[in-house]
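Trainee: Once you have looked at the hints, place chain F on chain L.
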Amino acid sequence: MIPAAASPVPREARPYQGRSAGLVTRAGAGVVDGLVALVLVVLGLVGVNGVRFVLRPRGFEVTSMPAVSVVGVFLATLALYLAAAWALGGRTYGCHLMGVRVVDHDGRRPGALRALARAVLYVVFPLGLLWCAAGRSRRSVQDLLLGTRVVYDWMPHAGHSSLGPGEAATGTRT
Amino acid sequence: MTAADRQSTGLRSPSLLALDVTVATVGPAFRAAQAVGRQVPTTTRPLTWVVRSRPLVAIARRGRPYRVALLQDLDARLATVLTTVVEQVLRRVDLTALVERHVDLDRLVAGVDLDAVVARMDLAALAEDVIATLDLPEIIRESTSAVSSEAVREVRMRGIAADDVVSRAVQRFGVRRPRAHTSVATPDGGPGT
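The listed protein sequences correspond, in order, to chains L and F. Counting in the numbering used here, the first sequence runs from 1 upward without gaps. Counting in the numbering used here, the second sequence runs from 1 upward without gaps.
Chain L extracted, bound-state conformation (with noise of 0.2 Å):
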């Protein structure tokens, strides 16, 4: 645990670390977790077809995708995605940039089938984020099916967080 005087949080953010986030970080996270997913997506196309170019470059003609598979693709690498970081870090790219951490009801990372299940969860009903503005503890649905939380925590790596278990999961932290 790093004492407080030490932290790398700034003094003006500390009273808020351990707390549920709100819907706008949450959602600003959302965003650029798309746009992550996106950037994949793109990435992997770019990747096949130069793969098939190197392979056949007579006749290469660039791969085209039914509107209907891309949107499936993009949703499939979103959710795998949102599952991996949360299963590996509690956090992803976006939750870094946000400053907030998803953990379970025992204040740490969730399990890798729950990640999934939220992630899954989230790609199918993304609304459900909007309880987590209407809820009475800032939880979306998926974590209310699921018993997550999303909380502050601009520490970089979890292992640093001096955020304790019972204070996660409860929210008191100050």
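Hint data in this document are derived by calculation from the structure and do not stem from the laboratory. Just so we're clear, the structure is a prediction, and the values are computed from it rather than from any experiment. From the three backbone atoms N, C-alpha and C, an ideal C-beta is built for every residue, glycine too. Take these hints with a grain of salt, some might be off.
[Unchecked claim] Heads up, incomplete: computed chain L residues facing chain F, CB under 10 Å, no partners named: (1) Gly22; (2) Thr25; (3) Gly47; (4) Val48; (5) Arg52; (6) Leu88; (7) Met98; (8) Gly99; (9) Ala133; (10) Ala134; (11) Tyr152; (12) Trp154.
Mentor: Chain F in isolation, oriented as in the chain L frame:
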């Protein structure tokens, strides 16, 4: 006096002669003073009786507070005078130069038990003060890529503020009731609604 006479009496040098003359003169005077001293208690016994008599003791009792007050006053004046004198002396004397010239500081410091000094120090508080002086958190922030950017910090703080605005708006419309553990703090750290 012949040389033989001088040798027989031991008066061979003028200094010894002077010493013997002095002893011959002072010795009887000392013995006389001793005899007088022995007679003093006998002589002053009536005077002691007078001094210890009741009227004089009563007078002495009345005089005692004056004596005490006088001593206190004298003590205060002496302290003032001494303080002034010492200050004037210290002002005119370069103590540092004196110490440098006459005191072996290395030897002095070598005799100091530094472990005991360190044990008496509150090192944790000292470290806190040093950290506060150096603004170590800012240094750590600058060296930590995740939160080094001022822009990122600004975006995050604005996000937190916007979250609070949304929460308050939702509460105002009565969509939800606030709960203690999710209360929103104001950006200045105070309790929010």
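Trainee: So, for every hint listed, does it hold in this structure?
Mentor: Tested hints:
{"no.": "1", "hint": "Gly22", "verdict": "holds, 2 Å"}
{"no.": "2", "hint": "Thr25", "verdict": "holds, 4 Å"}
{"no.": "3", "hint": "Gly47", "verdict": "violated, 27 Å"}
{"no.": "4", "hint": "Val48", "verdict": "violated, 32 Å"}
{"no.": "5", "hint": "Arg52", "verdict": "violated, 37 Å"}
{"no.": "6", "hint": "Leu88", "verdict": "violated, 16 Å"}
{"no.": "7", "hint": "Met98", "verdict": "holds, 6 Å"}
{"no.": "8", "hint": "Gly99", "verdict": "holds, 4 Å"}
{"no.": "9", "hint": "Ala133", "verdict": "holds, 5 Å"}
{"no.": "10", "hint": "Ala134", "verdict": "holds, 5 Å"}
{"no.": "11", "hint": "Tyr152", "verdict": "holds, 7 Å"}
{"no.": "12", "hint": "Trp154", "verdict": "holds, 6 Å"}
Hint compliance for this structure: hints 3, 4, 5, 6 are not met, and every other hint is.
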